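Peer 1: Chain A is fixed; fit chain B onto it per the hints.
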Amino acid sequence: MSSNAAREQAWNEDRLARPLERAAWKAWTYDRPAIVLGCSQRRLLEAAGPDADVEILVRRSGGGAVLVGPWMVGVSVALPPDHSMVSAGPVASYRWLGECLAGVLRTLGVPARALPPEDARQHRATLDAASGARPGPDWACFAGIVPWEAVARARKLTGLAQVRRRSGVLLVGGLLLEPPDWPLLCAALGKPAEDAAALARLTTSCAREGAADLAPARVADAVGAAIADALHAAQAR
Amino acid sequence: MTDIVLAAQAWKDVDPGTEALVDAWLVQEGARVSAGQPLVRVVVVKTNHEVPAPADGVLEKILVQAEETFGPGRALGVLREDG
Numbered sequence: 237m238s239s240n241a242a243r244e245q246a247w248n249e250d251r252l253a254r255p256l257e258r259a260a261w262k263a264w265t266y267d268r269p270a271i272v273l274g275c276s277q278r279r280l281l282e283a284a285g286p287d288a289d290v291e292i293l294v295r296r297s298g299g300g301a302v303l304v305g306p307w308m309v310g311v312s313v314a315l316p317p318d319h320s321m322v323s324a325g326p327v328a329s330y331r332w333l334g335e336c337l338a339g340v341l342r343t344l345g346v347p348a349r350a351l352p353p354e355d356a357r358q359h360r361a362t363l364d365a366a367s368g369a370r371p372g373p374d375w376a377c378f379a380g381i382v383p384w385e386a387v388a389r390a391r392k393l394t395g396l397a398q399v400r401r402r403s404g405v406l407l408v409g410g411l412l413l414e415p416p417d418w419p420l421l422c423a424a425l426g427k428p429a430e431d432a433a434a435l436a437r438l439t440t441s442c443a444r445e446g447a448a449d450l451a452p453a454r455v456a457d458a459v460g461a462a463i464a465d466a467l468h469a470a471q472a473r
Numbered sequence: 008m009t010d011i012v013l014a015a016q017a018w019k020d021v022d023p024g025t026e027a028l029v030d031a032w033l034v035q036e037g038a039r040v041s042a043g044q045p046l047v048r049v050v051v052v053k054t055n056h057e058v059p060a061p062a063d064g065v066l067e068k069i070l071v072q073a074e075e076t077f078g079p080g081r082a083l084g085v086l087r088e089d090g
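Heads up: the protein sequence lines correspond to chains A and B, in order.
Under the numbering used here, the letters of the first sequence match residues 237 to 473, in that order.
Under the numbering used here, the letters of the second sequence match residues 8 to 90, in that order.
Okay, chain A solo, but in the shape it has when bound (with noise of 0.2 Å):
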C-alpha cells in the first residue's frame, strides 16, 4: 500500500498536468517517515546510504530536503495560474499561504510569526554570522528560510515551495508538530551526524513551543479550514 507521503505526491503531479480551473488543496498526515527531496537533489539518491530503509521520493518544487512523518502535518494547494493570490509573483505567493500556517500555529498556542522579506534575510544573516566557517546542513529545507516561512523564538517551524506552470501554480508546505527524527534523515541520506544536531538547534515545534492536543488529524483540519477560509476571503474581494 502506498504512503501517504506518495499518494501526495501523485497528488501534486496530477493537479499539475492539466490547466487548473479551480482551487484545490489538501492538508496531509504522514502515517510513516519519509524523505522527500527537492527538484533537483535526485544525485541525494546515489548517495543513500545501504540502510536507508525509510523511503526516499523527488517533488516537483524546488528546495531542500524534507522528513515527513507523524511529526509534521503537510499542505498542497493548486491554484489556477491567474489566480489574485499567485498573480504578484513566486515570493509574494508564499505570503498567504505562509501566514495560513502561522495563524494556525497560533491557535495551538505557538508564538509563530511568519517572515517577511526583510527579516527572513535578517534570519538568514544572523544564522550566517553563527555558524561561522562551518557551513550548515543547506541540502535539508529546515535548515534555511525564505519569505513567509513560520520561526518561533528564531526557530524555524514550517517550510514553503512552489511549482509555476502555464497549467497552474502549486505551493507545498509543511509544519512540524514534534521534533523530526533528525538522525533517520542524515542517516538515510549520508550525511554527518553534526547535520541532525544543527537542524535540532535550527528548528522548533509545537510541542517543544509548548502546545498540547497535537493530533495530526486535528491539525491537518485547521491548516485545510484556514486555507479554505483564505481562498473565500480572496474570492469575495
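Wrong hints could be hidden among the right ones.
Partial list, computed: chain A residues near chain B (C-beta under 7 Å) [stated by the list, open to error]: (1) C275; (2) R278; (3) S297; (4) G298; (5) G299; (6) G325; (7) V327; (8) R357; (9) V382; (10) Q398.
Don't read these hints as lab results, they were simulated from the structure.
A quick note: this is a predicted structure, and the numbers were derived from the prediction, not measured.
Just so you know, even glycine gets a beta-carbon here, dropped at the ideal spot from N, CA and C.
Peer 2: Same frame as chain A, but now just chain B:
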C-alpha cells in the same frame, strides 16, 4: 537569434545576489520548438519555473547547463527563430 531568459516576474522580491539553478533542460540543442513550449526548468527561492520558447524556431545553443546557476537577465540559451 533570440535569448531564452527567465521572466523578470520570477525575480520579483528576490534578494539581490540570489542566483537561480538550472534544474533540467527539456529539449536538446538542435531541437525544433514551438512558441510557448517549455524548454528548461529552473529553481529560484524554492520555486520551480518552466521557461518557454519565446517563438517558433530551433534551440541553437544552451548557454547555462543543468546544475549551473545564473542571475537575473542571463540568457539560458539561444533560439534561432523561424522566418
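Peer 1: Give a verdict on every hint.
Peer 2: Tested hints:
The beta carbon of A/C275 comes within 5 Å of a beta carbon in chain B, closer than 7 Å, and the hint placing it at the interface holds. The interface hint given for A/R278 is violated, since its Cβ lies 9 Å from the closest Cβ of chain B, which is over the 7 Å cut-off. With a least beta-carbon distance of about 5 Å to chain B, the hint placing A/S297 at the interface is held under the 7 Å criterion. At its closest, the beta carbon of A/G298 sits 4 Å from a beta carbon of chain B; the interface hint therefore holds under the 7 Å criterion.
Interface hint at A/G299: satisfied, since its Cβ lies 4 Å from the closest Cβ of chain B, which is below the 7 Å cut-off. With 7 Å as the threshold, the beta carbon of A/G325 comes within range of chain B, its nearest partner Cβ sitting at about 4 Å, so the hint holds. Of the supplied interface hints, the one on A/V327 holds, with its beta-carbon coming within about 4 Å of a beta-carbon of chain B, less than 7 Å. Among the interface hints, the one on A/R357 holds; its C-beta lies about 6 Å from the nearest C-beta in chain B, closer than the 7 Å criterion.
Taken as an interface hint, A/V382 checks out: its beta carbon lies about 5 Å from the nearest beta carbon of chain B, inside 7 Å. Among the interface hints, the one on A/Q398 holds; its C-beta lies about 4 Å from the nearest C-beta in chain B, closer than the 7 Å criterion.
In summary, the one numbered hint that this structure violates is 2.
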